[in-house]
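J.: The listed protein sequences derive, respectively, from chains A and B. Using numbering that gives the first Met the number 0, count along the first sequence one by one with no gaps and you end on 329. Using numbering that gives the first Met the number 0, count along the second sequence one by one with no gaps and you end on 339.
It should be emphasised that the hints constitute simulated quantities derived from the structure, not laboratory data. Using N, Cα and C, we set each Cβ at its ideal position, and we do this for glycine too. Be aware that a few hints might be false.
Calculated cross-link-like contacts (lysine-lysine; reagent style PhoX-like; alpha-carbon spacing at most 25 Å) [unchecked claim]:
{"id": "1", "chain 1": "B", "residue 1": "158", "chain 2": "A", "residue 2": "151"}
{"id": "2", "chain 1": "B", "residue 1": "200", "chain 2": "A", "residue 2": "318"}
{"id": "3", "chain 1": "B", "residue 1": "200", "chain 2": "B", "residue 2": "133"}
{"id": "4", "chain 1": "B", "residue 1": "200", "chain 2": "B", "residue 2": "158"}
Covered stretches of chain A, going by a simulated chain B footprint (3 or more residues, C-beta under 8 Å) [claimed, not checked]:
{"id": "5", "segment": "48 to 60"}
{"id": "6", "segment": "123 to 129"}
{"id": "7", "segment": "296 to 304"}
Among chain B residues calculated to face chain A with C-beta under 10 Å, some are [stated by the list, open to error]:
{"id": "8", "residue": "38"}
{"id": "9", "residue": "41"}
{"id": "10", "residue": "47"}
{"id": "11", "residue": "146"}
{"id": "12", "residue": "169"}
{"id": "13", "residue": "267"}
{"id": "14", "residue": "313"}
{"id": "15", "residue": "314"}
{"id": "16", "residue": "324"}
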Amino acid sequence: MKKFNYTSLLAKADWMPILGVTVLSIIILSIIAPAFLTRTNLFVMLRILSVTSIVAMAQMIVIGLGQMNLAVGAIGGLVGILFGGMMEVYGIPVPAAALIGLLIGLVCGFINGALIAYTGINGFIITLATMSIFTGLNYGITESIPFYHMPKQLIAWYDSYLGPIPNIVFIPLVTAALVALFLFRHPWGRYILAVGGNPVAAELSGISVRKTTLVAHTVSGTLGALAGVVSVARLGTAEPTIGAVWLLPSFAAPVIGGAVLAGGHVSVVGTMIAVVMILLLENGLFIARTNPYYMDFFLGLLILSAVVFNRWRTIQSEKREASVVIGEKV
Amino acid sequence: MVHPMSEATTTLKPQAAKFDYVAFIIRAANVGGLAIIILLLSTIIASLAPGFLSPFNLFALTRNLAIDTVIGFAMMVVLACGHFNLAVGSIGVSAIMTTGFLLEGLGFPIPVAIAGGLATGALMGWMNGMLVIKTGIHSFVITLATASLFFGLMLILTKAEAFRNLPAAFNVLGKQRFLGPYSSMLFVTGLVGAALLILFKYSLTGRQILASGANPLAAEMSGVPVKRAIVVAHTLSGLLAGVAGVMVTARLAAALPSVGADWLLPSFLAPLLGGTLLIGGYVSVIGTLLGAILVTILQNGLVLLKVGSFWVQFYMGITLLIAVVLDRWRSYYAQRVGLT
Numbered sequence: 000m001k002k003f004n005y006t007s008l009l010a011k012a013d014w015m016p017i018l019g020v021t022v023l024s025i026i027i028l029s030i031i032a033p034a035f036l037t038r039t040n041l042f043v044m045l046r047i048l049s050v051t052s053i054v055a056m057a058q059m060i061v062i063g064l065g066q067m068n069l070a071v072g073a074i075g076g077l078v079g080i081l082f083g084g085m086m087e088v089y090g091i092p093v094p095a096a097a098l099i100g101l102l103i104g105l106v107c108g109f110i111n112g113a114l115i116a117y118t119g120i121n122g123f124i125i126t127l128a129t130m131s132i133f134t135g136l137n138y139g140i141t142e143s144i145p146f147y148h149m150p151k152q153l154i155a156w157y158d159s160y161l162g163p164i165p166n167i168v169f170i171p172l173v174t175a176a177l178v179a180l181f182l183f184r185h186p187w188g189r190y191i192l193a194v195g196g197n198p199v200a201a202e203l204s205g206i207s208v209r210k211t212t213l214v215a216h217t218v219s220g221t222l223g224a225l226a227g228v229v230s231v232a233r234l235g236t237a238e239p240t241i242g243a244v245w246l247l248p249s250f251a252a253p254v255i256g257g258a259v260l261a262g263g264h265v266s267v268v269g270t271m272i273a274v275v276m277i278l279l280l281e282n283g284l285f286i287a288r289t290n291p292y293y294m295d296f297f298l299g300l301l302i303l304s305a306v307v308f309n310r311w312r313t314i315q316s317e318k319r320e321a322s323v324v325i326g327e328k329v
Numbered sequence: 000m001v002h003p004m005s006e007a008t009t010t011l012k013p014q015a016a017k018f019d020y021v022a023f024i025i026r027a028a029n030v031g032g033l034a035i036i037i038l039l040l041s042t043i044i045a046s047l048a049p050g051f052l053s054p055f056n057l058f059a060l061t062r063n064l065a066i067d068t069v070i071g072f073a074m075m076v077v078l079a080c081g082h083f084n085l086a087v088g089s090i091g092v093s094a095i096m097t098t099g100f101l102l103e104g105l106g107f108p109i110p111v112a113i114a115g116g117l118a119t120g121a122l123m124g125w126m127n128g129m130l131v132i133k134t135g136i137h138s139f140v141i142t143l144a145t146a147s148l149f150f151g152l153m154l155i156l157t158k159a160e161a162f163r164n165l166p167a168a169f170n171v172l173g174k175q176r177f178l179g180p181y182s183s184m185l186f187v188t189g190l191v192g193a194a195l196l197i198l199f200k201y202s203l204t205g206r207q208i209l210a211s212g213a214n215p216l217a218a219e220m221s222g223v224p225v226k227r228a229i230v231v232a233h234t235l236s237g238l239l240a241g242v243a244g245v246m247v248t249a250r251l252a253a254a255l256p257s258v259g260a261d262w263l264l265p266s267f268l269a270p271l272l273g274g275t276l277l278i279g280g281y282v283s284v285i286g287t288l289l290g291a292i293l294v295t296i297l298q299n300g301l302v303l304l305k306v307g308s309f310w311v312q313f314y315m316g317i318t319l320l321i322a323v324v325l326d327r328w329r330s331y332y333a334q335r336v337g338l339t
């Protein structure tokens, strides 16, 4: 019982600081900016959140494996325009088109995973290449022209409510919950974190690193596709530029949320809080009517200070643990 | 590596007399293979699109090549110690805007402006290096953050306004040709390449960077100042991004804040196609040059063949994929026959 308490406290401490900062920013923003807590502004933020959080989840899973998926945005963009094209050009009903879209993302992720697992080439290079391939396909097919006529049904679904909860809140929460269940409860999720923590040890314990790589990238690709589909619903058009700027937030959110780039440790709650944090920064700067150019600068500063803080905390806790171990031995 | 069979033969005749053709071919396959692919590709493109060998196209091609190679070098020097520099584009554009500001805003002479641009690049690279060694955080995360930071800083300071009235003498640098149609900027690239070749082959610092990449722990234990080597590599990377930036400014005859956003892919393409390892410890200057040549010719050829500029990125990705898979197969085969 005592041991359980200890671990739960530690788990809490993992994302406690960024939660504190986030809550504090919300309080400050709502006091100094009356426009912040208006319904319109909250909905603007939640609409962005519905996409960014899924993008972050897609990257987080591969980070857990100790790899990177540079192609998340490219998959999102490709699926987005194919999803739009299926509905506009071929008149495929929304649910069927969405399902096919997710399947395409799944296949893209599977291709990434298979190439990495069976060639042994670094995932960074493979996904750099497939990023270029998927983006190239996207631009080749659309010639940079969006599909404008999305079914009203799709946009209505996106703006609808599930009971009192708007769909735009429901989508990211369900996704995050499913990802958390998968990573921390499902065997394959555990395998991903085990391989990320120590591939050699995982292999020796009977976990197939190859299959785990395949699974992680397939799930990541599917989530990237989901983000693409949600993006189309959010924008009301299937634009080829969907996913073009996902690279930075996809890494920023998990890393601020406490994920270790070497793999083995990720935090779903931390990543979600980090997504909100980034969003608050953008929104706060927007409300404060600062020059939009400040955005990049402050986002960079936020990432830097968050990772430096995380690093400092890890070192502190390692020191504490070391002193505990020494204390026990003495 | 001594093969059990070869021991018997060495007693009979000197080892130098033996020339292992298989070993030579496999060793040369990386650079040689690229050269053959480039020759084949150029022949195909030249025969299909007569415009390929026109003086105008050769000038445009060599000018792009000169710049893309330096961008590739900027990434190569950090890959040497197993690091990344995602801020290459942001540093490049910061150097561009500094040069533009010094020329147009302050009216400084050209050499001073160029020096200012290069210094900005080197300073930003140095900051990357210091952040990496002081915090111990992966260079991917650090440079992801500083890419945003530097780009944001540049936008704040310039208000995203371009400098378009640069002195005419500066623009001449971008227009000059030699031996007929070739861009003189190739001289700059050649100079940088030669310097890097000497650095990594013969200088202590270069060897230290490579040693830090191959095995940081072993390097540290053998007395290599690993942290210093990392900072040097990052500073050099920033400096080279600055060189590329100044070259772009001369090419465009203007300092535009929109340059650099699309440098990420080319910066990795050239070194990776050229056989530079992502994990550090090995670089190939000639390989990077050949990688950049392949990319530039492919890009140029696809446009000339009217494949449509929209498909260019697709073929770039396919090329990178095929190249790395082939190279993987080559090194796998090399290991099987007892070479490393």
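J.: Decide, hint by hint, whether the structure agrees.
T.: Results of checking the hints against the structure:
The straight-line distance between the Cα atoms of residue 158 of chain B and residue 151 of chain A is roughly 40 Å, outside the 25 Å bound, and the hint therefore fails. A hinted pair counts as satisfied when its Cα atoms are at most 25 Å apart, and residue 200 of chain B with residue 318 of chain A does not qualify at roughly 41 Å. A hinted pair counts as satisfied when its Cα atoms are at most 25 Å apart, and residue 200 of chain B with residue 133 of chain B does not qualify at roughly 28 Å. Restraint check: the Cα-Cα separation between residue 200 of chain B and residue 158 of chain B comes to about 43 Å, which exceeds 25 Å; the hinted pair is violated.
Remark: the segment 48 to 60 of chain A is not confirmed as covered by chain B, as 0 of its residues place a Cβ nearer than 8 Å to a Cβ of that chain, below the required three. Judged by the Cβ-Cβ criterion of 8 Å, the segment 123 to 129 of chain A is covered by chain B as claimed, because 6 of its residues qualify and three suffice. Here the segment 296 to 304 of chain A counts 7 residues with a CB under 8 Å from a CB of chain B, which clears the bar of 3, and the coverage holds. Contact between residue 38 of chain B and chain A, as hinted, is not supported at the beta carbon level, the nearest pair being about 23 Å apart and thus beyond 10 Å.
For residue 41 of chain B, the suggested interface contact is broken, since its CB lies about 22 Å from the closest CB of chain A, more than 10 Å. Because the closest C-beta pair between residue 47 of chain B and chain A is about 20 Å apart, greater than 10 Å, the hint is violated. A distance limit of 10 Å between C-beta atoms decides the matter here; for residue 146 of chain B the minimum to chain A is near 7 Å, and the interface restraint holds. For residue 169 of chain B, the interface hint is violated, the least distance from its beta-carbon to any beta-carbon of chain A being 26 Å, above 10 Å.
With its C-beta approaching chain A no nearer than about 6 Å, residue 267 of chain B sits inside the 10 Å limit, and its interface hint holds. Of the supplied interface hints, the one on residue 313 of chain B holds, with its beta-carbon coming within about 2 Å of a beta-carbon of chain A, less than 10 Å. Residue-level restraint check for residue 314 of chain B holds (minimum Cβ-Cβ distance to chain A is 7 Å; threshold 10 Å). Contact between residue 324 of chain B and chain A, as hinted, is supported at the beta carbon level, the nearest pair being about 6 Å apart and thus within 10 Å.
In terms of the numbered hints stated before, the structure departs from hints 1, 2, 3, 4, 5, 8, 9, 10, 12, listed from lowest to highest.
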